[in-house]
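Protein chains: 2
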Amino acid sequence: MTQEAISITKATTKKEKPASDQLVFGRTFTDHMFILDYEEEKGWFDPRIVPYQPISLDPATMVLHYGQTVFEGMKAYLTDQGDVNLFRPEKNMERLNRSNERMCIPSIDEEFALEAIKQLVKVDKDWIPSAPGTSLYIRPFIISTQPYLGVAPSKRYKFMVILSPVGAYYKEGINPIKIAVENEFVRAVKGGTGEAKTAGNYASSLKAQKTVAEKGYAQVLWLDGLEKKYVEEVGSMNVFFKIDGEIVTPELNGSILEGVTRNSVLQLLKYWNIPVSQRKISIEEVYQAYKAGKLEEAFGSGTAAVISPIGQLAWKDETVTINNGKTGEIAKRLYDTLTGIQYGVKEDPFNWISKLD
Amino acid sequence: MTQEAISITKATTKKEKPASDQLVFGRTFTDHMFILDYEEEKGWFDPRIVPYQPISLDPATMVLHYGQTVFEGMKAYLTDQGDVNLFRPEKNMERLNRSNERMCIPSIDEEFALEAIKQLVKVDKDWIPSAPGTSLYIRPFIISTQPYLGVAPSKRYKFMVILSPVGAYYKEGINPIKIAVENEFVRAVKGGTGEAKTAGNYASSLKAQKTVAEKGYAQVLWLDGLEKKYVEEVGSMNVFFKIDGEIVTPELNGSILEGVTRNSVLQLLKYWNIPVSQRKISIEEVYQAYKAGKLEEAFGSGTAAVISPIGQLAWKDETVTINNGKTGEIAKRLYDTLTGIQYGVKEDPFNWISKLD
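Top line first, the protein sequences correspond to chains A and B.
Numbering of the first sequence is given in my numbering, commencing with residue 1 and proceeding in unit increments.
Numbering of the second sequence is given in my numbering, commencing with residue 1001 and proceeding in unit increments.
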């Protein structure tokens, strides 16, 4: 594993930064990026921060044909004191290596990768937007770079990190979204790659997402691939239901992505002594709870939106409105607490924040 | 859809061609490639044959993160008369568009794409190897090229074609391979992307493939993702069993790739009046047939190996040897007929061959 010092080549010209209210997720990138190469004989080598620029790939590069690639998503938050906060970044690095293992990509030194991310954010610190709810999205990713058309793990890779200033996910606080339960397409199945943060899971979700978007739904709620019975995820978020006072979320089963926000929500709920369980939950049970007047809240959790209340759920021909289409009490409390911790305005009881020096 | 003429820029220096007996699948590429661009506002535009060269991609290019990409695989064969034969290329173009549909990629004009492939092969005609069993592998593929981290269909794409001279898959005729039945990992499930020729299916297969390779098996036999009971595919080939005089292959079910060679095998068997059925077949049934002395042959079919006899099958703790580990009569006849048609030495009763002018 590399212990080389990270070389830094500064950009000679700086790009213009977009206004805080003009930020669109994932469209604008900062002045620099991080690259680390891998070759089978050498391991990971040549860590460097360089000006943000296109990369040159042979048309036979494996990632373009066989999708051997993994990624992560995290954010840097600017506090009122001018500090830069990362939220549980070590969890993302752990998950990156779990994804690597599933996708036959060599593991990466988690501490070194995190150090590289911190140095990169420091170099582009003036890109972190300061308006409420804005942040700097961090995208670490690994691509297989061997030019070879055989179906086999690549012998070469690039680990890269790029940064994108992002706006508040919701313009005014948090707003409930409309979700359609997906009955035809499947995101993942046990034994597949659902647990890994890898390209194919996202490519396979596009068709379902496009179909429901045309009907006015924001996201898809995925059911299990075996029986299309049990709830798995919402879009690219984990999902929670409050039923008769208890918060229920699908247990990790090999096809659900283990979200860092999901894990944080579970810890907060326990800390608050709110009953919570991770278990199989069928969409039938959710609908029955609704009919019995016991479906009190539903929400998704993820890095992008933090907490996303579900105001309406459509399954087959039946549409139900949850909590009168309003943000629930628990969802609001989780959102306020998580964002409060992230922006350094609330106590951080679990030491989730890593500050940049 | 573009009707533009294809511009041709010839390479000023030519690469050295590898010797016919040194050809390794997918490692060497010819002097030229084909590119066609897509932008939402313009459709497909600027078809061009240019010197084989790296492409420049923004690090945020969608294909690197979300794997929205499809590909095809086909071959050009040089006959003793100096003709260049393509084998049912229109089937590959049809499948490319079926894959596009599943992956939310705009469809491509099949005739135009085929014309582009033919022109490219013509430009690099002297790269088609002439030794027995060798050919020029053709890899058409489409990648999503918008630099954007939102999970949505890309608004820009590149359709590209690259060529690679390939050796005989088997050095001396066809040799039976050892196959392990996969019990843990899943390739695809109905509602997923198994029917599409897309990157994620191949990325997800790497781990299982690597695991069985370490135990000395050439390929994995995939079972269905729901019950791990029914046979789906072998590695990246379709699979056939001869049981008590009848050839059985798994029916297309939404998770199996529809192979062009599979389709050709079915047509040939019907033409020869050999009983054949496409239906669900469990691995249990295959083993029972073996025990009853009725499992007469097993083989895979695909563009790379054409026909690949299965000499040994391992499922859980039970290993069975099929046809004494030798190539079966039907497998041999199919191999000889298909390669005979491809190289122009056998009659082509179905007009499968497209000749380059």
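Incorrect hints may appear among the rest.
To be verified - Capping the alpha-carbon separation at 25 Å, the derived lysine-lysine pairs in BS3-like fashion look like this:
1) B:K1291 / B:K1280
2) B:K1017 / B:K1125
3) A:K155 / B:K1015
4) A:K155 / B:K1215
5) A:K229 / B:K1125
6) A:K190 / B:K1291
Honestly, the hints are just simulated from the structure, not real lab data.
The structure presented is a predicted model; accordingly, all values stated were derived computationally and were not measured.
Which of the numbered hints above does this structure break?
Hints 5, 6 are the ones this structure does not satisfy, whereas the remaining hints hold.
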